[in-house]
Structure formats: C-alpha cells, structure tokens
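Chains as they are written, first to last, in the numbering used here: chain A, 1 to 331; chain B, 1 to 343.
Each hint can be trusted.
Just some of the chain A residues that point at chain B, by a computed CB distance under 10 Å:
{"no.": "1", "residue": "A30"}
{"no.": "2", "residue": "A37"}
{"no.": "3", "residue": "S55"}
{"no.": "4", "residue": "Q78"}
{"no.": "5", "residue": "L95"}
{"no.": "6", "residue": "T202"}
{"no.": "7", "residue": "G207"}
Listed below are several chain A residues computed to face chain B (Cβ distance under 10 Å; list not exhaustive):
{"no.": "8", "residue": "A36"}
{"no.": "9", "residue": "G51"}
{"no.": "10", "residue": "T57"}
{"no.": "11", "residue": "A70"}
{"no.": "12", "residue": "D91"}
{"no.": "13", "residue": "L103"}
{"no.": "14", "residue": "E114"}
{"no.": "15", "residue": "A204"}
Calculated from the structure, these hints are not laboratory results.
Small disclaimer: the values here were computed from a predicted structure and weren't measured.
Even for Gly, the Cβ is constructed at its ideal location relative to N, Cα and C.
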Amino acid sequence: VSAGVLSLRRPGTLPRWGLPWLVWRQHRLALLAAVAALAVAALVLVLTWSGIRASYTDLGVGSCRDLGQARCRVVAGQFVGRYGWMGQVTDYLALLPMLVGGLVGAPLVAREYETGTFRFAFTQGCGRTRWVVAKLGMLAAAVTVPALAFSALFATWYTPFRPLLGRMSVGGVFDVDGVVFAAHTLFAFVLGAFLGALLRRTVAALGATIAGWLAVVLTTMLFLRRHYPGPVVHRVAPYTMSGHSTGWPLARWWAGPHGEKIGDYQLQRRLGPAGDPAAWAARHGYTAWESYQPPGRFWTFQGFEAGGLVLLAVLLAAGTVLLVRRRAMGR
Amino acid sequence: VRAVTTTLTADRRFVPLPRWGVPWVTWRQHRAALLGTLVVLAGLAAYFLVTGLLVRSDYRALGLDQCASYGSGPCQRLAQTFRDGHQDLFLVEYLLVLLPGLIGMFVGAPLVAREYEAGTFRFAWTQGAGRTRWIVTKLVLLGAALTVATQALALLYDWWRAPFTGLSGSGLTGVVFELSGLLPAARTLFVFALGACCGALVRRTVPAMAASFAAGLGAVLGLEMYVWPRLLAPRTARITGAGAGSDAALPDRTGPGFTYQQWWTDPHGHRLTTHQLDVLVARLAGQHQEANTWLGTHGYTYWFTYQPASRYWAAQGLEAGGLALLALALCAVTVVLVRRRAT
Chain A
1 VSAGVLSLRR PGTLPRWGLP WLVWRQHRLA LLAAVAALAV AALVLVLTWS
51 GIRASYTDLG VGSCRDLGQA RCRVVAGQFV GRYGWMGQVT DYLALLPMLV
101 GGLVGAPLVA REYETGTFRF AFTQGCGRTR WVVAKLGMLA AAVTVPALAF
151 SALFATWYTP FRPLLGRMSV GGVFDVDGVV FAAHTLFAFV LGAFLGALLR
201 RTVAALGATI AGWLAVVLTT MLFLRRHYPG PVVHRVAPYT MSGHSTGWPL
251 ARWWAGPHGE KIGDYQLQRR LGPAGDPAAW AARHGYTAWE SYQPPGRFWT
301 FQGFEAGGLV LLAVLLAAGT VLLVRRRAMG R
Chain B
1 VRAVTTTLTA DRRFVPLPRW GVPWVTWRQH RAALLGTLVV LAGLAAYFLV
51 TGLLVRSDYR ALGLDQCASY GSGPCQRLAQ TFRDGHQDLF LVEYLLVLLP
101 GLIGMFVGAP LVAREYEAGT FRFAWTQGAG RTRWIVTKLV LLGAALTVAT
151 QALALLYDWW RAPFTGLSGS GLTGVVFELS GLLPAARTLF VFALGACCGA
201 LVRRTVPAMA ASFAAGLGAV LGLEMYVWPR LLAPRTARIT GAGAGSDAAL
251 PDRTGPGFTY QQWWTDPHGH RLTTHQLDVL VARLAGQHQE ANTWLGTHGY
301 TYWFTYQPAS RYWAAQGLEA GGLALLALAL CAVTVVLVRR RAT
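Full structure from sequences and hints, please.
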C-alpha cells in the first residue's frame, strides 16, 4: 500500500496546461483591461474612418500627384485642417503603451511579494524559474500582439494623411504606426515586471515604471531619434518651406562664407530688435541651410528604435528572472 | 484590587485620543505617495522657474517688451522667431494635462483599497478613533495637500506661460485653458476622490487605479463636451466676406478648444453638410486660390460658436466648482461605503 502511495506521488508529470492556465487565471482581469483600452482607442479610429474617407473622396485628395499645384494645396489644406484635431488624439495614443504595459507588468511579481503568496507560488512542482519565465513570455506575447494589431489598424486609418503629412515628424504618428508602438508596450511591460521584482511593492513599482518609461521614451524622442543615421543637409531659400513636407525637418541656420554657423534666433538676438536677419545675411554673404530626415527612412528608424527597445526588454527580463531566482524564501 | 481594576477600566473609557493620532497615521501610511507627488511637482516647478527666467531674458533681448502689437511689421517677425526658438519647451504641456489623473490615481485609489486587499482594515477600523473619523481625516488631509500643491504649480505655470500668451493674442484657449487658473487643482481633487471611491467599491488596488484613471478621463472629457457648454452656452457668431473661414478673423476666445463648432450656410441660409462643402471646395479649388475667400464673397456665411475671452473666469469657475462639488459627493459616497462595510 505504501509503495502504491509513493508511486502515485513521485512520477506525477506536471499538467501540460498547468502554467498557461495559472497565468490566465491570475492575469485575466489585467489582460482584458489592456485589450479593452486598446479596443476603445480602436473604436475612435473606426468611428471617424467613414467621415475621413468621404472627405478624401469628395475633395479629390487622392487624385493629387503634386502638392505644389494650386488646386492640390487648397484641397489638402481643407482636408488636413478639418481633421487637425486628430493630431492631438494621436499624441496621446502614443502614451497608451505606458499604461497598458505598466498595469500588466508591475503587479506581476510585486503582488506575490506584497501578499506573501510568493512562498506558495515559488514552491510548486514547476519551480520558480519556469514560473517566472512562463509568466513573462506569455504575458509579453499577450500585450504585444494586440499592440501590433492596433498599429496595423492605425496604419490603415492614417493612409489618407500619409502622402500629405508623412509619418516622421507629425506628433505621435511615428510612435503609433509601424512596430515602435508594440516595442514600447513590450518595454513598459518588462520594465514593470523588473521594477516589481526589485521594489516588491505594486503601487511603487507602477509609479517607477511610468517614470522610467517616460524618461527612456522622451530621451529617444527628443535627443536620440534624430541621429539614427545622420540627417540630410541642404541649402534653402531664406524663410521658405523646405518642400519636404513628408520628412522631418530638424534645424535651420545661416552659414557664413568661412563656414561659421548661426541660428536665426541667435542672429536676431545679436542684431537687436531693429535688425533684419535676411537682409544682414545677404549683405555678409551668409546662406540659409536646413537639415532634415527624408521620409524614406521611416522603416530604418522604426527598426533602430524597436530593435533597441526589444534588446533592453530582453535584458530587463533576464534581470527579473535573476531577481526571482535569488530571492530568499524568508521574509 | 477590584477597585483598581474598576478605576482602570473607567479611566480607559475616558482617555482622550491623542490629538494628532489620525493625522499621524495618515502621514505615516501615505508619505511615500505624498513625497513622490511632491518630487514630481518640485521637478516641474524647477523646470518652469529656470526656463521661465531664460524666456523672460530672451523676451527683453529681442525687444518684444517694446512692441505695441504683434500682428504686423517687424514685431510679428520677432514674435515668430521667439516662438520658433522656444518650441521645444511646450512639450511639457502635453504631459502636464495628464498629471491630475496620475496623481489622483496613485494617491486616491490605494487609500481604502490597500486596507481591504491586505486585510488590515479590520485593525484600522477597530481603533479608538473609529472608522468614520479615520476615513474623513484621510480624505480631508490628503485632498487638501494635493489641492494646495497642484494649485501652487498652476500659479507658476500661469507665470511661465504669460510671455507666450501675450504674443498669440487669441486668449487662454485649448491646453493653456486646461492647465491654468483653478482647473489643475480641481481636476486633481476630483480624480483623487474618484480614486478613493473606486477603491472602496472595487476593494483591489490595481483595478481601482486603472478604473479611476479611465473614469476620470471619461468624466472630464464628457463634462467638457456635453455639460459645461449647456450651463454656460457658447456664443454664436458669423463672418462674411474675404475673412470667412479663417482662424485669424475669430475673436479672442477661451475654454478647451474642442468644444467649438463651425459650419457654413449657403446664400439661401441652408446649412451645408460636410459632403456638400467638400464637393463645393473641390470644384472651386481648380479655379481659385482661396476657396474660403470665394465662398465668403459669394453670399456664403461662416458660422462658429465660441466662449469670449472675457468669460475666462466664468468658464474656469464653473468647471472647477462643478468638479469640486462632484469630488465632495464622491467623498461622501466613500465615507458611506466604509461605514457600511462589515468587518
């Protein structure tokens, strides 16, 4: 009899769907909320879609080949002006990954520590390494795939605006289109899990995740992104639009005959309120220059940014696994 | 011995509670959240102070303080150069709009929810102070601290924004309206109360945080779109002639930008649908440089609704007062929920 009991206990293989079932049961609310947040954003796009398509057809924006042409300037101006408010919505859509990833990621390990349930969770048959790897892997996929789907929907929705505004410079569009949106979501999720394992308190981990995500994303957006490949520099006529309306204009300056550079703003300060920079530049042989990122580099930029973030996410995931493995079972 | 025991029991019943007991508990339990909020606000204040002083020195160096108007001539060019030179500074406004939601969510939602989740509410509510005093003290002290801190930052923001607001000449509208005056403090208080109420209802911290952020966002947007314009009806005005259809002809406005409406009527006074307008503009675009100018000079009228700039304080007072009242109601609901909850 005793041998029978032992043999019943010992070879017990783990149930095949044990871990996935556990992950779903523990995180279904967070996952459903994350998907619901993306669905509400998607609903805004779907509801505005027919109006945008109708205006696009009625105005004949699609038949415009050359935006320098007078007719095209008028209809494009009308079209973009009417839906200009969508630019603000796009700006805020870019922050969605922070909330979606953070709310799923931060409680992942932190909640187990906070409630003391980690003692139970880490001592099951599958072991804590497999536990944390399965959670990270499955939930990462569960937040990244809907984010990718949302980006695909956004790309379709944005198609009418693309030849007019491009995808490089308009606030938020670069961060919602392509693969960067999904990479931002993945990064927020793994950062949340890592900070949760480090701080061991849910609310503190969530606060730190939001702060850390904003720090990394704003630094890339403002300082790093423009240098992925160096910008194209070319000469322009003073005070004119560059003609690269779909690219990303970065800077304009005056260049002197001996290669010295000065910005319009600095020149105006030097000349005083009465001085006219353009007249001064013409008199002293200065020419106007501009640097910009051409629209064709969209996917190169997306690749750089998403690749960097995925790499960072992998490192943070490894850090999370390490923290969980090292954690003593005591207090 | 029996007499001593009796006196002890009698004494215990009349021992006054320590005067600063509940406030001390509030501070000890929420200092991390309060200090975190304070660090964020102090960082923003430092940013506004430093860049505000730099901007003011540039303003004087360009001679903008000697300009009478910024609509034409060299002053217009100077104003444009000044704005272009400081474009990057305004990114902070984009995040600042979300700050009330985040503060309310991080301080308000865990207030009751954490006690439920950890089971500590059984201990917290059976102390001498009683649960009603416990929850009321917490709501009042934390609400007051958040309101004072965010209002101080809003005052600093108003000072920081002043040089740019003067140049645009279009009044305090859009995001500037939402970040100035009384609104940031009122919104923070509102989302804080909403978070506390969600926490008392949901009884789990993270779901309560997510719910309070989503509900706060929905409530503020919904009220701005549908309720405040009903209570303070925007004026309707029209423009005919060459200036029709352009933003430049609109008078000084205030209020959040997305509540305005604009439309065209044809020479017979019928309102044009979007479809009719688009077809008309597409036909005109081939022949005329400015479709709007053509419409304005051919009997079409451009209509729009707006809040005049003179109503700035009325609009601010209405929204801030409304949100403060709602916050009060939510706090009352929270107190009732806590009182009714079985231990």
